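> Given only the sequences and the hints, what does the whole structure look like? Please build it.
Counting the sequence shown from 1 gives a position; our numbering is that position plus 4.
What the hints contain is simulated information worked out from the structure, not anything from laboratory work.
Everything hinted at is true.
Distance windows between CB atoms, simulated:
#	residue 1	residue 2	range
1	E132	L85	17 to 25 Å
2	I172	L85	41 to 49 Å
3	Y105	D15	13 to 21 Å
4	E132	S175	37 to 45 Å
5	D89	A6	40 to 48 Å
6	E26	E72	30 to 38 Å
7	L91	A68	22 to 30 Å
Everything numeric in this text was worked out from a predicted model, so none of it was measured.
All residues carry an ideal CB built from backbone N, CA and C; glycine is no exception.
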Amino acid sequence: MAIRDIIIAPDARLTQISKPVEAVTDEIRALMDDMLETMYAAPGIGLAAIQVGVPLRIIVMDLAREDEEPDPRYFVNPEILEISDDLATYAEGCLSVPDFYEDVERPAHVRVRYLDYDGELREIEADEMLATCLQHEMDHLEGILFVDHLSKLKRSMILKKLQKQKRIQESV
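Below is the structure:
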C-alpha cells in the first residue's frame, strides 16, 4: 500500500468524467487499498479515484468515528437507483478543496448499486451521512466538486483562494 498525492482544485483533472471499471482485479484492489491509506492519512472519510489522478469509477469510504473500529467501504461503478424527495443539508468538505466547508443540500436517502472489493454486485439503502458522502463522492466520478453546488460567488471565492495558495506553494 502507498499514500498517493491528492489533486487539489482548481485542477482540470478533477472535472474529468471517470470511466467504468471492467473487472475488479488485483490491480484495482491495490488501487483501492492505496486510496484508503491515502484517505486515512489525509485524514478524510471518502475519496474518489479521480482525486488521486485515476479516472475510474471507484470510491472508498469510512464513516467510523475516531473511537470506533475502522469500517472501510468500497464502491466500484456505483450507480444511484433511487433518491428520496426529502432533502438533507450537511456542511461538506473535500480533500481536493482543503480547509473549506459549506452547507450542501442533497436527497436525504438513496439506493445505490455497486461492485464491492471482491467484485460482488451489491445494493445499499443509505441515509444521513452515508447518503451525503456517497452522493458527494459519486459527483467526483462525474467531474463535479461540492463547490459546484454553491452560489457562483462562493464557488469563485473558494477557487480563487485555492489558486492563490497553490501559487504561494509553488514559489517556495
